[in-house]
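Novice: Below, each chain spelled out in residue letters.
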Amino acid sequence: MAKVELLNLSKNYPGRKTPVLDQFSLTVDSGELVSLLGPSGSGKSTLLRLITGIEYPDSGDILFDGKSILSIPPNKRGAVLMFQKAYLFPFLSVEENIGFGLKVQGATKQTIQIEVAKILDLIGLPGIERRKPAHLSGGEQQRVSLARALIVRPTLLLLDEPLSSLDTAVRQNLQEAIRRIQHELGITAILVTHDLGEAMGMSDRMALLLEGKVAAIDEPMKLFQKPPSSQVAKFVGIDTFLKGRVNHGTLETQHGNLTVRTNGFVSDSATFAIRPEHIEVGSELAENILTGVVKDCMYRGEYVEYQIQIDTMVVRARVAMPAAMIPHGEVIKVAFPAEHLFPLTA
Amino acid sequence: MKKILNAAIRFFLYLVLIAPLLLFGVYAFSERWFFPDVLPSTWSTAPFLRLFSDPKTVGGLLTSIGIALVVSLFSLIVAFPAARTLGLRRFPGRQFAWLLFFLPTVVPPLAVGMGMNILFLRLDLAGSFVGVILSHLVPTLPYTIFTLSGLFANYDENYEYQAIVLGASKRRTFFNVTLRLVFPGLIVAGLFAFLISWSQYLLTLLIGGGKVLTLPMLLFSAVSGGNPSTIAALSLLFIAPPVLVIALTARQLNQHGNAIKEQY
Chain A
1 MAKVELLNLS KNYPGRKTPV LDQFSLTVDS GELVSLLGPS GSGKSTLLRL ITGIEYPDSG
61 DILFDGKSIL SIPPNKRGAV LMFQKAYLFP FLSVEENIGF GLKVQGATKQ TIQIEVAKIL
121 DLIGLPGIER RKPAHLSGGE QQRVSLARAL IVRPTLLLLD EPLSSLDTAV RQNLQEAIRR
181 IQHELGITAI LVTHDLGEAM GMSDRMALLL EGKVAAIDEP MKLFQKPPSS QVAKFVGIDT
241 FLKGRVNHGT LETQHGNLTV RTNGFVSDSA TFAIRPEHIE VGSELAENIL TGVVKDCMYR
301 GEYVEYQIQI DTMVVRARVA MPAAMIPHGE VIKVAFPAEH LFPLTA
Chain B
1 MKKILNAAIR FFLYLVLIAP LLLFGVYAFS ERWFFPDVLP STWSTAPFLR LFSDPKTVGG
61 LLTSIGIALV VSLFSLIVAF PAARTLGLRR FPGRQFAWLL FFLPTVVPPL AVGMGMNILF
121 LRLDLAGSFV GVILSHLVPT LPYTIFTLSG LFANYDENYE YQAIVLGASK RRTFFNVTLR
181 LVFPGLIVAG LFAFLISWSQ YLLTLLIGGG KVLTLPMLLF SAVSGGNPST IAALSLLFIA
241 PPVLVIALTA RQLNQHGNAI KEQY
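Chains A and B, in that order, give the protein sequences. Going by the working numbering, 111 is the number at position 111 of the first sequence; the sequence numbering is gapless. Going by the working numbering, 39 is the number at position 39 of the second sequence; the sequence numbering is gapless.
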């Protein structure tokens, strides 16, 4: 329950050309859950190790509520890390595992018993105190691991892909549980994941990490619908980019002219993007259209995905629950609604 | 057919392993046993009683146990950090370190013993318990390091990190997490060291110089002396502690090992 500030953190390992983290800065408000999203090797896990104190940054500072914690040893920081694997101590019972942090602090047996029972209720596994970790399922193990982290009332909860080894149903269930408990207890948390859906569903804000830096940070909805740069756009699944000259609300591309909302801005080479879900496909469309040929279509259940060739460009469009599919090879109109076309800054 | 062959091989192995022990047993409890008889004509516990009333034998037994215990403890203390580093880290010179640790198993013990003898004479350690214990560490360390490093190759340090971020001090993490995770391996490695030290004759003779009398020393002189009953009784005494220790720890070791295996 603290405001966490990471200031210009850098970390490099011997033998590596580019630093894992390069002047990395991020602020997480009290009670907020921020997720860090990025390809593997983008420094996500390293960052968590720096915050817990398992590793030390080359430069920069980490502040909890305005105070530097770099000189505090890892076991006194109050930043608890939960790993991809549960790491329950195999020789201890569930109760002893969860109570580990309290016992270390010198809590009495009675207090531990009461607190463990309370937290087992919270994670939805009451009455399993006496069991051994080996007799729990993967999902249950992760829940116990979460309980063990929460029982010490961490200043900051760090989650390092805690759900990536679980199957989809268990995973969704746990995502909801973590989100609910984090809200209830008002814990500041940082979640590392490479799953876009998980990041969007669980976090207040999400940060995209690329090459050791924050490429973008915003609310999930904003990043998903209007990413600021083409790099970020690609990461959230946008691959239609229209380049051209912008003049009086018209984007003049090599494929044809499109109306865009520009608030009067003029540029010789602007790039506009649009989400595949916002592109419309059909024969009766009239506004803001280009004509193309259906190259491929794929039925995905919730939507149909078309690959449409417009001159040299291939556009991916997702149409939600259509009544019929447009066959391969058909000439079709593709509409780019002006309200969904947005400019990229970089 | 395969079953029969299996049983035959089993029976043969048991026979080879147990027959000498049985023979020792029969010898050790025989009073009179002359040629045409299949079994001794008179049975007696006299050889054993004689053994236990002899202060030299009792002293030898205690000396052997004491030395073997101290040697296994020291072996573990020295081998632990070495094995942990070799098992968990990759660093330049790692292969060389391995080679260095394994040299004692390659170099003839006599060469090592003679060299140490001269060195220990200069250091005034020859003929002392400390000297014998140090010399026993030479053949035990390669085995303890090897056993423990195998353990650490499958070890996950994140268990320790998890304990630390939950608030445990380094000390507590070491005793309550690390040691408990590797405990079965520690016992196995300790047993190895114990057995190697227990059956050590040459180094004890060279460094102890006849002043440190362990069971193997007594056994050797008894064998050259020639009373079969005494030799048999002494041999049984020599075999008993290791067999006892292994029998006692095997069960518990198995359970503990399985519990950890399930986690991985």
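Calculated from the structure, these hints are not laboratory results. Every value quoted in this text rests on a predicted model; they were computed, and no experiment measured them. Some clues are possibly wrong.
[As the list claims (entries may be wrong)] With a Cα cut of at most 30 Å, we get these calculated DSS-like pairs of lysine-lysine: (1) A:Lys118 / A:Lys103; (2) A:Lys3 / B:Lys170; (3) A:Lys67 / B:Lys170.
Novice: Please go over all the hints and tell whether each is borne out by the structure.
Specialist: For each hint, the structure was consulted:
| no. | hint | result |
| --- | --- | --- |
| 1 | A:Lys118 / A:Lys103 | holds, 16 Å |
| 2 | A:Lys3 / B:Lys170 | holds, 27 Å |
| 3 | A:Lys67 / B:Lys170 | holds, 24 Å |
Of the numbered hints listed earlier, not one is contradicted by the structure.
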